[in-house]
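There are 2 protein chains.
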Amino acid sequence: METAAFIDPRGNTRAHARELLVRTVDLLLDHLADAASRTPSPEPRAFPNFFVLPETPLTEDELFERAQFVLRQSRNLAHPGYIGNMESMPTTMAVAGTMLMAASKNNMLAEEMAPFLTDVEPAVMRWFAGRFGLGANSGGGMLACGTLANLQALVTARNARLTNSRNGLWGRQRSPVVLASESAHTSLQKAAMVMGLGTSGVIPVHADEHSRMDIDDLQQKIRRSRDAGQEPFCVVATAGTTITGNIDPLPAIARVAAEHGLWLHTDAVYGGALAFSKTHRSKLDGIEQSDSVSFNLHKWAYLATTSSMILFKDIGAAHEHFHVAAPYMNAASPSKNLGEFSLQGSRQADIIPLLLSMQHLGMAHYARLVDTRIELAEHLRRGLEQTQLVEFPGAIDTNIVCFRPHKSTDAHCATLQNHLLKKAEVCLTLPHYRGQRWLKADVLNPFTDEHTIDRLTASLSTWECAS
Amino acid sequence: METAAFIDPRGNTRAHARELLVRTVDLLLDHLADAASRTPSPEPRAFPNFFVLPETPLTEDELFERAQFVLRQSRNLAHPGYIGNMESMPTTMAVAGTMLMAASKNNMLAEEMAPFLTDVEPAVMRWFAGRFGLGANSGGGMLACGTLANLQALVTARNARLTNSRNGLWGRQRSPVVLASESAHTSLQKAAMVMGLGTSGVIPVHADEHSRMDIDDLQQKIRRSRDAGQEPFCVVATAGTTITGNIDPLPAIARVAAEHGLWLHTDAVYGGALAFSKTHRSKLDGIEQSDSVSFNLHKWAYLATTSSMILFKDIGAAHEHFHVAAPYMNAASPSKNLGEFSLQGSRQADIIPLLLSMQHLGMAHYARLVDTRIELAEHLRRGLEQTQLVEFPGAIDTNIVCFRPHKSTDAHCATLQNHLLKKAEVCLTLPHYRGQRWLKADVLNPFTDEHTIDRLTASLSTWECAS
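Residue numbers (this note's numbering), protein chains in the order written: chain A, 1 to 467; chain B, 1001 to 1467.
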């Protein structure tokens, strides 16, 4: 059997390549199909000389020992008690689709490097834009993360409102600024820094007690920034804040944006999945007035890391404002090379696992996953309220519940996090928000049920007794 | 057997999940292990209703029919005659590693989302930085493409030389500019546009007859741009130009950069692989003086799309200049969350397939792939010269050979491209360069041999006779 460094196109290494790939399948099934029997958050261990890049190959046993170690040191996302970070285990076809993506090596940079998928991705993006009600001229593209989606939105907004792609910002009298809730994601600060506005180019708008943008403060901040000689060009609404999953008042923000001629970008990186649900879709009312929307499928849509998109109400104009030609590529005119309209150049075909996963489950299944995860979060919230032991940073809008024991310190919260992991096998995170730490449950996991939630609530009570 | 939408953590869907994953393995082996029997560039075909996102699931046969269609419409990279775009078939362990990456769903954004790999990736990046001689304080991070790597380099350069991450560029008297060869990649124009400099913020430096930067013109352009009131802060050298694979005179550019206090970024996205080879490493002499280097592994290092990195000579300073905190994350101080120092937020663990692929082949195998591909390109060049039928845009520095028949039109070149595909089963690309089209052979394919090359040369001669 020939060594399958590569899959030989004449079949000579096929048997060995199959052995390697099926061994990988079995390795990951041994691990993932047994996830409930291990702790949701593994203890860190050492692997001496894990990282070597030797002249001669490692043996395949050495390779698979390392691969197994990586699996065992990863978060145990599939454990029913894992309701930690804003992330979910991937679907089976997300894994299969990613393998096909790697093997077929389409590159979304250019039509000749992704000849069929170059037509498929824009069609799928139009479908998503339609779900958000962005209208007949909408469309978009996939990107490697929500941070990049937000950056491409802000760059497009800036070019559309203030300048063009050729001339840049030089010589303008007033410094461009963006307004966003103080609870918005830091990717906006990063985008402003990259764009040369500096992180201070994002003006924080007060968020109310439910972490939703305060419209009066938005009005005031726009006025003040203009008085101070700045030039607001964009307001960012958040549908699903990073810590608490709350949703800004989208219709009111849209009115303010229109009144002041500002680009409206909605960061629906997290909350966009509500659009799958008939029951919860209305929470996104107003999003249809956005000029751009960012949305991540590796969170509440169970794709692998990463699967993100940026959508525009007017895709033609968005392309025009962002376009940088790649004259070395051979393509129809006007160019069909997606890389000319994207923040990225080379880009993997995330569209393959996206379609296979969604077609395998069906959209009704996705809707159920949204509905039932919200029901569970509400169940958790009620259970926690009944203990009368904890306080909350506000109402819940999605499936995220943050809490902390009354009159506790950050150190107490950390102890409680550990207690819940050990006693209830529930893995929560401990984000910093409004000056203190909170325990955060983000109920995405498809295998989490009421028993898990009730175990959490019960363990909280025993901890209170013990402490 | 339960339906395996997900891999059940208690094993209930294991058998079905295995069936889906092994079926995927066999689908891609049926396709790739038979690649030599199909044309290197498939004819476009239609698949009615390929894109549907229905409420109820498709059958699995419908799914796999679609998956097979995607494979068949993709470029046939594994065919020994595919020597087209700057891309290569992936190694077997690149495919296996990507599957593990998807299944384990590490997210390089934060330590708690990628607990073990957060330490591994920086160590591997230091190893690569060492290969480029960047010194004891060097390091870097992976990114989703070379375009992003170049953008992060230029943003870091700008922040380091002109401003800081908080304040941005406002209020500066002189507009910042970057200098790069006219043969450099358009990702630099894209970066300048994103950064608010506009595409005109990249000043093109003349490239000589071998597509290498003209140092006298660089000196002159720096002086002229200063005289015109601009503020040059960075010069970009290219090691492996996009069309012809040539290498700028790195030591001379480094001297000029030092003389003028400019940040030196080397775009080694393509040519960086020369560092694997004892024979060809010296072509990169001078790269060790770079402040930053970008390098793609999905080209000459046979990873899947994508696998890119940005490396810095002083990683501590680079981090400081780029850092945007994610206060919601729980991490040691100073932060170990890689996302705070990266253009990306969420980021897949490309480090898994990188290590598995390189450990499976061994670095000596990678060196051989570099050496033998260059030998083949030189063999092609000699064969083409002997026909006396074609002209070249200059000398070759790597493994890329561009040519066009004497006194031919662009239309002739397109006809010849098609002739070579049909008669010699060789797939070349047809980039636009210096005002005209060229046939381009990029010899990356590990299965291309002298027979393939000789078939190309022979077919060229018969075409000339016929035309």
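Any given hint might turn out to be false.
Simulated pairs of lysine-lysine, DSSO-like, Cα-Cα distance not exceeding 30 Å [stated by the list, open to error]:
#1 A:K336 x B:K1221
#2 B:K1283 x B:K1221
#3 A:K423 x B:K1336
#4 B:K1336 x A:K422
#5 A:K336 x B:K1336
#6 A:K423 x A:K407
Calculated directly from the structure, the hints in this document are not laboratory data.
Nothing here was measured: the structure is a model prediction, and the numbers come from that model.
Hint check:
1. Restraint check for K336 (chain A) and K1221 (chain B): not satisfied, since their Cα atoms lie roughly 34 Å apart, outside the 30 Å limit.
2. Between K1283 (chain B) and K1221 (chain B) the alpha-carbon distance is near 25 Å, which keeps this suggested pair within the 30 Å criterion.
3. Proposed proximity of K423 (chain A) and K1336 (chain B) is supported: the alpha carbons are some 28 Å apart, at most 30 Å.
4. For the proposed pair K1336 (chain B) and K422 (chain A), the alpha carbon gap of about 25 Å is at most 30 Å, so the pair holds.
5. Of the pairs offered as hints, the one joining K336 (chain A) and K1336 (chain B) is violated, with about 40 Å between alpha carbons and a cut-off of 30 Å exceeded.
6. For the hint pairing K423 (chain A) with K407 (chain A), the CA-to-CA distance comes to about 22 Å; that is within 30 Å, so the pair holds.
Taken one by one, the earlier hints fail for this structure at numbers 1, 5, listed in ascending order.
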